[in-house]
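Protein chains in written order, with our numbering: chain E, 1125 to 1548; chain U, 356 to 530.
Because the hints were derived from the structure by calculation, they are not lab data. Possibly wrong hints are sitting among the right ones.
To be verified - In silico lysine-lysine, BS3-like type, Cα no more than 30 Å apart, as pairs:
#1 U:K530 - U:K449
#2 E:K1511 - E:K1246
#3 E:K1246 - U:K490
#4 U:K490 - E:K1343
#5 E:K1343 - U:K458
As the list claims (entries may be wrong) - To be clear about the criterion: a stretch of chain U counts as covered by chain E if any three or more of its residues have a C-beta under 8 Å from a C-beta of chain E, and this derived list gives those stretches:
#6 450 to 457
#7 466 to 476
#8 489 to 503
All C-beta atoms in this analysis are idealised placements derived from N, C-alpha and C, irrespective of residue type, glycine included.
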Amino acid sequence: MWPRRHALRALGASLALPALTPAFAQFRVEIRGVGGTQIPIALGRFRDEDRQPQSISAVVRADLERSGVFKVVDAPAPADENGLPDYNTLRSRGADWVVGGSASRLADGRVDVRFRLWDVVKGADQGGQSEPTQPADLRLAAHHISDLVYQKVTGERGVFSTRIAYVTKGGGKYTLRIADADGAGIVPALIDNEPIISPAWSPDGSELAFVTFHDKKAKVVIRNVHTGASREVAAFRGSNSAPAFSPDGRTLAVTLSKDGGSHVFLMDRSGANVRRVTESTGIDTEARFSPDGASLYFVSDRGGGPQIYRQPVAGGGATRVTYNGAYNISPSISPDGKLLAYISRGDGFKLMVMNLATNEVASVSDTNDDESPSFAPNGRYIIYATKAGGRDVLMVTTTDGKFKSTLVESGLDIREPVWGPFGR
Amino acid sequence: MIKNSGKMLLALASVAVVAGCASPTKLDKPVEVEKKDVTSQTTTTTQPSGNTVASTDMSSKPVVPITLDRVIYFDFDSYAVKDEFRPIVEAHAKLLKGNSSAKEVAEGHTDERGGSEYNLALGQKRAEAVVQQMKVLGVGDSQLEAVSYGKERPAVDGHDEAAWAKNRRVELRSK
């Protein structure tokens, strides 16, 4: 994943880094866990960032620490992207990489957010970027820097500029919210007196499908997150629920009870051309497309208790996927199609991750009320809802369970998280 | 973003600035933040879709007398209507058969344990069991709809068996 010199550098102690998200965030981010290997990186304050409404380096630092991949070490960084690193001092302080940058006001009112990354071990400039940014968008520009640093160092795309959607309940109101992946920048997309469940992103991140009980029964609605325009796509007799977009965004899988029982149907994203795809006499629900769009994973009680099955979208028999335990629900498939995250009932409700090639299953949570797992678009993290320390929280874990960060929103029930695609 | 990140990578690769070459224009090609995305997102605040909720709206013509019991409770993991609730089902069936324009909704609920979607399906199964009994008693198909709230609308708060038992239920209400 990254050069061997990093892999040899294990961080022995458990971390206790209170990385408070600044400014208007209502979330508090807490990090814990033992990072197996962490890459030491030095990060200076960006020149002139104190004159801007948002500190760039603080956001980048919090991103890198929350990733579990980096350890930010105390070592001198260049004054800005044009400086020269003091390689000897950086090496003596154990930094393998260093980032410097600036945030200068342009004549048109924008802020030119610049950074450069250096490889300290090689003593080499690794490139940089300049991003003229509206002052209100400085957090996003900072997340872009984090994404590029993550990608340059690990070879994989960062998810710092992605968003999550989730539902809160409090004061008798249900609110569908959208936030940055670090829990900042929370936007309430929809507020209702009736429950909202099962949000699902369209692959391009422009729409959210979800289940609303606004009309005293479960209906599936698709909402444009930019314009707020909503359209009902499934409002048949009985319950309409569990929406999931196909990878190409053209098809929606839903659970309908219009024919009696609960079964999985496909429809065009307009709501037209409804056809049933699962056949059982019991419950079939929570369908998810495989990343290649060819298969559906779904929950069925056809064998007794709920288990996860897989079935070709084109038709054909279903194959049972989960065998451990009597109650396995809420499948989420990693973007590379190799991992299945789901919730298993044992002593409690636990997040499990199955390697679909070997069928090995690992428990990756240390909580007992886990719900609604959802993979990050780079496949490295899973977000889920749970209770920790008596509070409702959203938890982000690496897929091996070794590193976790907690998003806490005080005083509210917080549920149904779903990680949005790359794309901002 | 895909296009954007391509630019960024190009920028990363192409920059090998010699120290002292500080001209901003020689650094990188500026990469625009996608303003449309961000600004439009921040204006996407809080318009509830469609009509606002009138949650106090009881049906305009109450078909079910207020004295008629309308809640049927279920055992854990069960969808069978127990004999003790048979009189409730029969009373509602009689009422609907006596008024072919009357309609009722059977609203299924579960306790709080488990996933929201699977519980929605379980509540639907309970509601359909009640509807099926009423159909057997002669109520017309068009007079009944089975729906579910799953675990979203508990009748009582609490996290013990006493609370759960009160929440595993089907409520009959006029439509």
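Hint by hint, here is what the structure shows:
In summary, the hint linking U:K530 to U:K449 is supported, as the alpha carbons are separated by about 16 Å, within the 30 Å threshold. Restraint check for E:K1511 and E:K1246: not satisfied, since their Cα atoms lie roughly 45 Å apart, outside the 30 Å limit. In summary, the hint linking E:K1246 to U:K490 is not supported, as the alpha carbons are separated by about 78 Å, beyond the 30 Å threshold. Only pairs whose Cα atoms come within 30 Å are accepted, and U:K490 paired with E:K1343 is accepted, the gap being roughly 25 Å.
Between E:K1343 and U:K458 the CA atoms are separated by roughly 20 Å; this keeps the pair inside 30 Å, and the hint holds. Note: the segment 450 to 457 of chain U has 0 residues with beta-carbon separation from chain E under 8 Å; the three-residue rule is not met and the coverage is violated. Under the rule that three or more residues need a Cβ within less than 8 Å of chain E, the assignment of the segment 466 to 476 of chain U holds, with 8 such residues. Judged by the Cβ-Cβ criterion of 8 Å, the segment 489 to 503 of chain U is covered by chain E as claimed, because 4 of its residues qualify and three suffice.
This entry does not satisfy hints 2, 3, 6, going by the numbered hints stated previously.
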